[in-house]
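2 protein chains.
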Amino acid sequence: MPVNAFYAQSGGVTSVINASAAGVIETARRHADRIGTVYAGRNGILGALAEDLIDTGLESAEAIAALRTTPAGAFGSCRYKLKSLEKNRREYERLIEVFKAHGIGYFFYNGGGDSADTCFKVSQLSQSMGYALQAIHVPKTIDNDLPLTDCCPGFGSVAKYVAVSTLEASLDVRSMAATSTKVFVLEVMGRHAGWIAAAGGLAADHGIPVVILFPEIPFDQPAFLARVDALVKHHGYCTVVVSEGAHHPDGSFLAEQGTKDAFGHAQLGGAAPVVAQMVKEALGYKFHWAVADYLQRSARHIASATDARQAYELGQHAVELALEGKNSVMPTIERTSDSPYAYRIGSAPLDQVANAEKFMPRDYISADGYGISDKGRAYLLPLIQGEDYPSYRDGLPVYVTLQNHPVAKKLPPFEITK
Amino acid sequence: MPVNAFYAQSGGVTSVINASAAGVIETARRHADRIGTVYAGRNGILGALAEDLIDTGLESAEAIAALRTTPAGAFGSCRYKLKSLEKNRREYERLIEVFKAHGIGYFFYNGGGDSADTCFKVSQLSQSMGYALQAIHVPKTIDNDLPLTDCCPGFGSVAKYVAVSTLEASLDVRSMAATSTKVFVLEVMGRHAGWIAAAGGLAADHGIPVVILFPEIPFDQPAFLARVDALVKHHGYCTVVVSEGAHHPDGSFLAEQGTKDAFGHAQLGGAAPVVAQMVKEALGYKFHWAVADYLQRSARHIASATDARQAYELGQHAVELALEGKNSVMPTIERTSDSPYAYRIGSAPLDQVANAEKFMPRDYISADGYGISDKGRAYLLPLIQGEDYPSYRDGLPVYVTLQNHPVAKKLPPFEITK
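The listed protein sequences derive, respectively, from chains A and B.
Here our numbering is used: the first sequence runs in plain steps of one and ends on residue 418.
Here our numbering is used: the second sequence runs in plain steps of one and ends on residue 418.
Isolated chain A, as found in the complex:
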């Protein structure tokens, strides 16, 4: 008799996390003899704790297929990290109770490092409680910081967005630099690592003078200003791609540098305006700045086809791993060649994934610290390959909104301690 599955999205969403959902659900549907209904958690793991499940079986094949080209989290995601087993064992037990009540034997958790950790602990606890559960983590994070996988779904599309946007805005500045803006500053995400900022370096291959401010390289104001000045003097303009995580040698973020409103309230945020103002004051160049924020991680309209495909495949392989009897694992991307790009799907045990973080190797950054190296370029380029456009109606992309029918509750309410 088929066993049901539970799928949840976790943490910051991406433009391709729904492609992983499609991979999970479509693959499960192809194995109806072994997998019954795929329940999704409404707003991620909170849906499991609150027994607020969505019956994905009521969605049409067309709607599930449309997830492949729909950004963000179709079932809702959440920022909610389960406490340690010691501190809040009740939460883990509650998950098992909900799974038990709904005949769930497969747990597919789609997220980053924290959710890999949760997935691992749920797997451990179910074993110790003697409950048969296979917990599979499906990787997702624009931060690209999960270990044991060459890349993380979501990252390639952000990288493509940043590379394309850097190129386009730079052409704009180049056209205007004779009498107007000479320095354009684009702020991108990446609090701890410069993977996303690095993608701006791909525009440099198209003749654009780009300066990247990485979180990995402590900010050196005089050196930075000298570099900008030299590029403007040589090219007439330059573009700065600054990571939100760029920081001073003392660890304080550039974005924290002093922005106060009229009431003296602390900073409104934004490394880009700080850097732009710095350039203006020191060098006098006219500037413009942009903060891409959510636009970069939701831009399904310019998603990387490679990324979208891998997101789907990892969802698909998560189910296949489960059907092979695996537990406490995560499907991974194993790169076998940079050029031509080739990879295969592997898997990694969750105890090795949980709470480990992958940093960008220093040698992906150029020696001077303001660009990417050939090695960095060789890593990044394959990940932005290919376009995978959504269809359009009336000028806008056709993104699906699921019906998200609730499943009748069987258990008493549970108080979630936020």
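Worth flagging that the hints you see were computed from the coordinates, not collected in a lab.
Honestly, I wouldn't trust all of these hints.
Note that the list lumps identical chains together, so a pair holds whenever it fits in one copy or between two copies.
To be verified - Keeping only pairs whose Cα atoms sit at most 35 Å apart, straight-line, the calculated DSBU-like set for lysine-lysine is:
{"id": "1", "residue 1": "Lys83", "residue 2": "Lys280"}
{"id": "2", "residue 1": "Lys358", "residue 2": "Lys286"}
{"id": "3", "residue 1": "Lys409", "residue 2": "Lys286"}
{"id": "4", "residue 1": "Lys100", "residue 2": "Lys233"}
{"id": "5", "residue 1": "Lys375", "residue 2": "Lys358"}
{"id": "6", "residue 1": "Lys100", "residue 2": "Lys87"}
{"id": "7", "residue 1": "Lys83", "residue 2": "Lys358"}
{"id": "8", "residue 1": "Lys100", "residue 2": "Lys83"}
{"id": "9", "residue 1": "Lys233", "residue 2": "Lys410"}
{"id": "10", "residue 1": "Lys233", "residue 2": "Lys286"}
{"id": "11", "residue 1": "Lys409", "residue 2": "Lys233"}
{"id": "12", "residue 1": "Lys233", "residue 2": "Lys81"}
{"id": "13", "residue 1": "Lys100", "residue 2": "Lys326"}
{"id": "14", "residue 1": "Lys286", "residue 2": "Lys83"}
{"id": "15", "residue 1": "Lys286", "residue 2": "Lys87"}
{"id": "16", "residue 1": "Lys375", "residue 2": "Lys233"}
{"id": "17", "residue 1": "Lys409", "residue 2": "Lys81"}
{"id": "18", "residue 1": "Lys81", "residue 2": "Lys280"}
{"id": "19", "residue 1": "Lys83", "residue 2": "Lys233"}
{"id": "20", "residue 1": "Lys233", "residue 2": "Lys87"}
{"id": "21", "residue 1": "Lys410", "residue 2": "Lys286"}
{"id": "22", "residue 1": "Lys286", "residue 2": "Lys81"}
{"id": "23", "residue 1": "Lys87", "residue 2": "Lys280"}
{"id": "24", "residue 1": "Lys286", "residue 2": "Lys375"}
A quick note: this is a predicted structure, and the numbers were derived from the prediction, not measured.
Start from chain A and add chain B according to the hints.
Chain B alone, transformed into the frame defined by chain A:
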């Protein structure tokens, strides 16, 4: 014997101004019996004043065709407004001298209101000086504020970018709102008119709760906050699209509201962070904000096919008007039907275009002032129709950089009074 032509790009560039350039150059090439070389001004009209001309005849047919899908200004643009004829007659005379020296009898000026004015004056002066010149203005401006044309090339693509980005980022916020960001603020261009901000309203047709802050509607903080609160309480989240021109009843911009850095220097700019902070302080909702800046007007990767086509057609018709013997005119878009969308190319005399400004009708904005009306929607929708993707290589769009060969100078230098 064929007469040469001069083409220049003026003011802020767009993602489709080069399509107009392609329209001018390709059409001129088809009439080689009457039009000799098309010279382009390097960095716009400055190139004419400095006699810094580019020989577009040395560019291949492929390169010129590639302009159709290349954003920004291929020959360079400039922000330089000629003074009045009375104040600096020498500049106008210089233009005529340069035209004369290079056998130029056609002047195609591709820009907004200021350049229409310049084009008109050059036409007048050439007549008074007895120099045979046909001056044709090719409309271009993301601000959509030229009169006598239904829309301006450049606007439709920005509108599409803003509508798509608003939709995508809103789906992101919707997914996360249960535990994270509830209000997303996107700042868009439009210092004087809300045409661009209005495009965010098209996302509302896809179920997104959007609040638009227009320059046309003086900011009412309590009413705005009440609206945001009501939407968040009902939908769980909302998106605010704020025009950079949004202002208080006293005329001061929202962006000016108090942002000072640690040194007490004036604002770094940005209405979005100001609005976001206001929401946070009054309502306590977690926020994110983005400032699209140049990304929105250079985003050729998501250009409106309607806009790109019209940009080309207006360049083409500018040349055809010249060949018909017209002078001091601008080709225009005359809309004949909203749905199905239909238009024809007309023309308007420059004395009626110059220095007039088209404002957004109040009835394009909803009665409450925070959205677009059906009338506004009927106007906007056709302009974002269709996708016209550039080709890609190695994951990035293939944008052409012309050779821009200089033409040998024949005149003594001229001092430009900036």
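We went through each hint and held it up to the structure:
Taking CA atoms no more than 35 Å apart as the test, Lys83 paired with Lys280 passes between copies only; the shortest distance there is 27 Å, against 46 Å inside one copy. Taking the closest pair of Cα atoms, Lys358 and Lys286 come within 35 Å of each other only across two copies (28 Å); inside a single copy the shortest separation is 38 Å, beyond that limit. Proximity of Lys409 to Lys286 under the C-alpha cut-off of 35 Å is restricted to the inter-copy arrangement: shortest distance 30 Å between copies versus 60 Å within a copy. Only between protomers do Lys100 and Lys233 lie at most 35 Å apart by alpha-carbon distance; the minimum there is 34 Å, versus 68 Å within a single protomer.
With identical chains, the CA atoms of Lys375 and Lys358 are at most 35 Å apart within one copy only, with a shortest distance of 16 Å there and 52 Å across copies. In this assembly of identical chains, Lys100 and Lys87 lie within 35 Å of each other by CA distance solely inside one copy; the values are 23 Å within and 85 Å between copies. For a Cα distance limit of 35 Å, the shortest separation of Lys83 from Lys358 inside one copy, 22 Å, qualifies, whereas the shortest one across copies, 58 Å, does not. Within a single copy, Lys100 and Lys83 get their C-alpha atoms as close as 21 Å, which meets the 35 Å cut-off; across copies the closest is 79 Å, which misses it.
In this assembly of identical chains, Lys233 and Lys410 lie within 35 Å of each other by CA distance solely across copies; the values are 28 Å between and 70 Å within a copy. Within a single copy, Lys233 and Lys286 get their C-alpha atoms as close as 13 Å, which meets the 35 Å cut-off; across copies the closest is 42 Å, which misses it. For the identical chains of this complex, Lys409 and Lys233 are inter-copy neighbours only, at 25 Å across copies versus 67 Å inside a copy, given an alpha-carbon limit of 35 Å. Taking the shortest Cα distances, Lys233 and Lys81 sit within 35 Å of each other only across copies (25 Å), while inside one copy they are farther apart (49 Å).
In the homo-oligomer, the alpha carbons of Lys100 and Lys326 lie at most 35 Å apart inside one protomer (19 Å), although the nearest pairing across protomers, at 81 Å, exceeds that limit. Taking the shortest Cα distances, Lys286 and Lys83 sit within 35 Å of each other only across copies (22 Å), while inside one copy they are farther apart (49 Å). Only between protomers do Lys286 and Lys87 lie at most 35 Å apart by alpha-carbon distance; the minimum there is 27 Å, versus 54 Å within a single protomer. Only within a single protomer do Lys375 and Lys233 lie at most 35 Å apart by alpha-carbon distance; the minimum there is 28 Å, versus 49 Å between protomers.
For the homomeric pair Lys409 and Lys81, the shortest alpha-carbon distance inside one copy (23 Å) is at most 35 Å, but the shortest distance between copies (69 Å) is not. Only between protomers do Lys81 and Lys280 lie at most 35 Å apart by alpha-carbon distance; the minimum there is 23 Å, versus 42 Å within a single protomer. When the C-alpha separation of Lys83 and Lys233 is checked against a cutoff of 35 Å, the pair qualifies only between copies, where the shortest distance is 29 Å, while the shortest distance within a copy is 54 Å. In this assembly of identical chains, the alpha carbons of Lys233 and Lys87 lie at most 35 Å apart only when taken from different copies (33 Å versus 59 Å within one copy).
In the homo-oligomer, the alpha carbons of Lys410 and Lys286 lie at most 35 Å apart only across protomers (33 Å), although the nearest pairing inside one protomer, at 63 Å, exceeds that limit. Taking identical chains as interchangeable, the C-alpha atoms of Lys286 and Lys81 lie at most 35 Å apart only when they sit on different chains, with a minimum of 18 Å there against 44 Å within one chain. Taking the shortest Cα distances, Lys87 and Lys280 sit within 35 Å of each other only across copies (32 Å), while inside one copy they are farther apart (51 Å). With identical chains, the CA atoms of Lys286 and Lys375 are at most 35 Å apart within one copy only, with a shortest distance of 34 Å there and 39 Å across copies.
When the structure is compared with the earlier hints, no violation turns up for any of them.
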